[in-house]
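Number of protein chains: 2
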Amino acid sequence: MTGGEAVNGLGVAARGDEPRKPNLAVVGATGAVGTVMLGILSARQDVWGEVRLIASARSAGRLLSVRGRQVEVVALSEEAFEGIDIAMFDVPDEVAAQWAPIAAAKGAVVVDNSGAFRMDEDVPLVVPEVNAAAVRIRPRGIIANPNCTTLSMIVALGALHSEFGLQELVVASYQAASGAGQSGIDALREQTLKVAGTTVGEQTGDLRAVIGDNGPFAAPLVLNAVPWAGSLKDDGWSSEELKVRGESRKILGLPNLRVSATCVRIPVVTTHSLAVHAVFEREVTQERAQQILAEAPGVVLYDDPGAGEFPTPNDVVGTDPTWVGRVRRSIDDPNALDLFVCGDNLRKGAALNTAQIAELVAAELTV
Amino acid sequence: MTGGEAVNGLGVAARGDEPRKPNLAVVGATGAVGTVMLGILSARQDVWGEVRLIASARSAGRLLSVRGRQVEVVALSEEAFEGIDIAMFDVPDEVAAQWAPIAAAKGAVVVDNSGAFRMDEDVPLVVPEVNAAAVRIRPRGIIANPNCTTLSMIVALGALHSEFGLQELVVASYQAASGAGQSGIDALREQTLKVAGTTVGEQTGDLRAVIGDNGPFAAPLVLNAVPWAGSLKDDGWSSEELKVRGESRKILGLPNLRVSATCVRIPVVTTHSLAVHAVFEREVTQERAQQILAEAPGVVLYDDPGAGEFPTPNDVVGTDPTWVGRVRRSIDDPNALDLFVCGDNLRKGAALNTAQIAELVAAELTV
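These protein sequences, in sequence, are chains A and B. The first sequence: position 55 = 55 (UniProt numbering), numbered continuously. The second sequence: position 265 = 265 (UniProt numbering), numbered continuously.
The following block holds chain A by itself, in its conformation from the complex:
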């Protein structure tokens, strides 16, 4: 089938009757997530009419490749949303808070990957494998995409919840540098260059003296672990930790789910990992949990430690699914499972899930 033509069952082109393909805007097209998004749009089934690339004024005029064509980036403005049906936003919270309602007022359905709307009662928070139906109720014309840390585990947990009934989560994260955007990726590469060739004594001395600038992180990241992501909220919790709690509750539809998260950044470029302790209403078995995960859409079970099989970020980066390994029933609680989960924070954790939501909306608009 050639572009722009629909073919009926008899092989006759029905050009005049075909529904118009929706026009898509990518807002924040030049960032770390935006870059992955253009790759994803180029690789997935093409359901789009125009794909318009929008970024800040200083990126306007740049040419980026999407769907095999060079497209010029336009500056963010009200007019930039003219004729757009669906607008995917990957921009800072304050930019999304200002511009998503403007895009919605211009008639676009907004799929927003910032934190600005996720906990808004009138904005659904959607993971297609878990709560696809929620996209249809969007009184503000905005659908929110979860935080990358929540997204890196929630597909696997949704599958287990359906069978066993989730009651409690205790989560420790191993978050990648790219969760802090392109500046995080650049900072880790720069820091790695600076420590390479130093002595073990220097590597276990003050790393600040070796690397200079911490970049966007609260401490040196290379050869270190930084138990901090986001901003300080009440009682010592970080915004990132509260997102894991609030978003898991909302996506799973469990307003009383008990959640404790400790969010830690480690020197990995891309792919978040999480050690998850999940307590269920019903008794679990390792075998049944593995079976559920092996069959769940969007999940890869990679769990044979005797054969060296467990997911690591380097196995998972660049792939779409949530990878799960180290599935164990807790020795002291027959209702609890311990897991190690990895997800590419730029793909399923951001761009891919946003694209999946946009495709759900597109299917609805064109039906």
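If you're looking for bench data, these hints aren't it; they were derived computationally from the structure. Heads up, the beta-carbon is just placed ideally off N, CA and C, and yes, glycines get one too. Hints are not guaranteed to be accurate.
Stated by the list, open to error - Incomplete in silico selection of chain B near chain A, CB under 10 Å: (1) A172; (2) V264; (3) P313; (4) S330; (5) D333; (6) C342.
Stated by the list, open to error - Computed footprint of chain A on chain B, listed as stretches where at least three residues anywhere in the stretch have a Cβ under 8 Å from a Cβ of chain A: (7) 26-32; (8) 64-76; (9) 120-133; (10) 215-221; (11) 234-243; (12) 266-279.
Could you slot chain B onto chain A? The hints should help.
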């Protein structure tokens, strides 16, 4: 006071009456922990007569510095324990299993840092800040030093347990390369050299192609996280995870403590970190928990995230205490605390705790 002399209250030397200082053997003196041990023996109050350095036959004859003197390493043999009062072992499990009973039979009290005796009912497992009195009951003449992962958190947990009554631990570890010994340190340095200067594309491609050999790890460690340490035990648990459970129970004297651990290696040279979720019998408050930790011997509370204060491995490496930050009361459970804990796995996690146990025994022998 000059060496070898004791002075009574009148300033008169009482050379003939002074108790002999005990002779110490360091078995495994040339390893990663042994090297740190010699530094610790040189820095702490010197309670020892002879310090004899013992290693494998291939290291015999090497000269190592301890207490400001060059000492020649002797080969491990039955005769090497002649005249030794206390022998500290840091050698592989199978070497300890064979040689610790031989040293004990020669009259030495053995303080062993291998896994060979830790769960033996006739061998106390000791952390001086938590259960010092246990050193006195040692029917086999052997005292065990806990695994470095358990040791990196247990001093802090012991203090909290005394006040609140510990019931359950959910632990995720961020373990350093040096937990795998000198070969782990060397492998991480080598891998860091190899990835430095590669592109982000190469860093998020197959790292095996860049680094070649994984060293002692089950996957590439640099720019990665490896959810595996130790060997495979029943039901998918690793030996490291079972050590955290079994040893925490034994040290705290809580045979029914519920423990779930997920042990993960990350690219840090030295200092293990742990995200700990601890559930207590009694209700906790953030303020009281912080107060207990601030006052606990062997613990540093470093917990003001608004001022950028939380422990990272690079802050802690080379120091003696257990550092604790990110102290939070769980939002959904008034009886639970979430913490981030760091401890130098070669010092408190191995050599320092071994030295502290040996000093406890030395004090008893010379009284």
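Which numbered hints turn out to be false for this structure?
Of the numbered hints given earlier, those the structure breaks are 7, 8, 9, listed in rising order.
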